[in-house]
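S.K.: Sequence:
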Amino acid sequence: MTLTGFKLDLSRYKSPSRRYFSRPTLTVAEALLGSYVRHESPDGIVGGMIVEAEGYLHTEPGCHAFNGETNRNRAMFGPPGHVYTYFTYGNHWMFNIVTEKEGCGCAVLIRALEPVEGIDQMWSRRPKARREIDLANGPGKLAAALNLSRDQYGWDLLDSKLSVLVPPAGYRKRIIKAYGGVVTTSRIGLGENKAAGLPYRYYLKEHPYVSVRIKRGKG
DNA sequence: GAGACGATTTTCT
DNA sequence: GAAAATCGTCTCG
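Once you know that position 59 of the first sequence is 60 in the numbering used here, the rest is easy, because the numbers rise by one and skip nothing.
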């Protein structure tokens, strides 16, 4: 039983195929809600259910790949289902999943999750958190809680210590319903001239572990 | 090699 | 609600 009352049955989750990640970025971003991220880190397994994600398309300036390939964003141009991590604001790592065809430059930012496995380890990696809800309700917090950083850059989610597991369709529908459906809004933290208004953010409406609830856009 | 900036978090008012 | 903290990456010279 999780803190939110919904009984998450991890045994029903399975590894997706490569095709799961090669679909359109926004499709993947929404599909990842209710999915599970699991990291078999050296200090133990940590994992949780994704409750918030954002899509980034190479065609819009909010995306790191908008201006082409660089040393930093190279992983975004790799095969789908691989990991793109980057460092920002002097302190924080962000965890992204590459989508669409290889060479596309598209990805999904995982912004929040509900801790399920390895919660003790998450507490140790998030010493400033006061409540369990604060362990991973933001992209920087999430990466810290899951022990993700430069080390995971370019990893394959289908063949590494870091993986995504997806629930059966019917079970996923129950999850979505349990949390009041999916909300679509504009993305968080983008400058005004960086396609800030595009509705590429998705989260579980009533889930308490979502990072930010007030932002313009539909929903 | 210098300067500007950021897909954030935390603390203080 | 405002602002500091903090440093890798990119751009330009």
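Derived from the structure by calculation, the hints contain no laboratory data. A couple of the hints might just be wrong.
[To be verified] Subject to a maximum C-alpha distance of 25 Å in a straight line, what follows is the list of computed BS3-like cross-link-like pairs (lysine-lysine):
(1) Lys-174 with Lys-206
(2) Lys-129 with Lys-15
(3) Lys-195 with Lys-178
(4) Lys-15 with Lys-174
[Unchecked claim] Here are the computed distance ranges between Cβ atoms for each label pair:
(5) Gly-155 with Val-213: 24 to 30 Å
(6) Ser-12 with Glu-207: 20 to 26 Å
(7) Gly-155 with Glu-193: 27 to 33 Å
(8) Arg-20 with His-93: 18 to 24 Å
(9) Phe-7 with Gly-155: 32 to 38 Å
Computed from a prediction, not measured in an experiment: that's the story for all the values here. Where a beta carbon is used, it is the ideal one built from N, C-alpha and C, also for glycine.
S.K.: Look at each hint and say if it fits the structure.
M.R.: Tested hints:
Simply put, Lys-174 and Lys-206 have alpha-carbon atoms about 14 Å apart, close enough for the 25 Å limit, and the pair holds. Proximity of Lys-129 to Lys-15 is assessed by CA-CA distance (about 33 Å); at most 25 Å being required, the pair is judged violated. Using a Cα cut-off of 25 Å, the hinted pair Lys-195 and Lys-178 is violated, with the two alpha carbons roughly 33 Å apart. Between Lys-15 and Lys-174, the direct Cα distance comes to roughly 16 Å. Compliance with the 25 Å bound is thereby established for this hinted pair.
Look at Gly-155 against Val-213: about 29 Å separates their beta carbons, and that is inside 24 to 30 Å. Between Ser-12 and Glu-207 the beta carbon distance is about 25 Å. The supplied range of 20 to 26 Å therefore holds. Evaluation of the 27 to 33 Å hint for Gly-155 and Glu-193 yields a pass: the beta carbon distance comes to about 32 Å. Separated by about 31 Å at the C-beta atoms, Arg-20 and His-93 break the suggested range of 18 to 24 Å.
Between Phe-7 and Gly-155 the CB atoms are about 33 Å apart, so this pair conforms to the stated range of 32 to 38 Å.
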